[in-house]
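Chain by chain, the residues run as shown.
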Amino acid sequence: DIQMTQSPSTVSASVGDRVTITCRASQSISTWLAWYQQKPGKAPQLLIYRASTLESGVPSRFSGSGYGTEFTLTISSLQPDDSASYYCQQYHSYSYTFGLGTKLEIK
Amino acid sequence: QVQLVQSGSELKKPGASVKVSCKASGYTFTTYAMDWVRQAPGQGLEWMGWINTNTGDPTYAQGFTGRFVFSLDTSASTAYLQISSLKAEDTAIYYCARGRGGSTVHYTDNWGQGTLVTVSS
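As you go down the protein sequences, you meet chains X and C in turn. The first sequence begins at 943 in the working numbering and counts up by one. The second sequence begins at -15 in the working numbering and counts up by one.
If you're looking for bench data, these hints aren't it; they were derived computationally from the structure. Backbone N, C-alpha and C fix where the C-beta goes; we use that ideal spot for every residue, glycine too. Hints are supplied without guarantee of correctness; some may be wrong.
Some chain C residues near chain X, calculated using beta-carbon distances under 10 Å [unchecked claim]: (1) W34; (2) E73; (3) I77; (4) G96.
From chain X, some residues computed to sit far from chain C (all C-beta separations above 12 Å) [stated by the list, open to error]: (5) S951; (6) V953; (7) Q969; (8) A985; (9) T1014; (10) S1018; (11) L1020; (12) S1035; (13) G1043; (14) I1048; (15) K1049.
Here are the computed distance ranges between Cβ atoms for each label pair [claimed, not checked]: (16) S949(X) / Q46(C): 20 to 26 Å; (17) A60(C) / G999(X): 25 to 31 Å; (18) E1047(X) / S104(C): 42 to 48 Å; (19) E1047(X) / S59(C): 44 to 50 Å; (20) D57(C) / E1047(X): 41 to 47 Å; (21) S968(X) / N38(C): 46 to 52 Å; (22) S104(C) / E1012(X): 38 to 44 Å; (23) G958(X) / L(-5)(C): 43 to 49 Å.
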């Protein structure tokens, strides 16, 4: 199975900051990567698919980039509502896998 | 609008079985895949596998073979997850999620609200 390594596991930032979360795949997955946001007690929500395509309705401060094995999720100007956990998921191989997640806290 | 509504919380004893349902509405059920995802208490997301809602063919992730079964009732636009021989470590929230893309690769764009399964004697 392809392993997905996310970093950092926790990040604390202030409103207005630029935040970057990284996801590394154990082998090339082209751009078959999605990012999800999960708030406590809620189901995950799709933010980005195909590494960089913003899902409809998702604020434009979210962006994704990368190809092959290295990917990033960037929040350009952090808002209070962005406090959540974020997960990457590869959907390249027969068995899809999630990263372990990044918990984003607002200072 | 697209909705996935899952069945309610379950409390089961070790060794018992449970069947979680996921009723879809707002789209043509058989044109999108259905994934299942597990989240143990305080832990991350774990992909369990998916079922092709057009053919009924399931794909199970490593660690989810044998005791886990995905099934469908296409006439009711409903997907099911059955877990047999329940163990304490099966205690988790189980999500269904609609798969968008193609038959070979897809990502999940809409999720059910989750079903908490608690296994305890």
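*In ascending order, which of the hints set out earlier in this document are inconsistent with the structure?*
2, 5, 8, 12, 13, 18, 21
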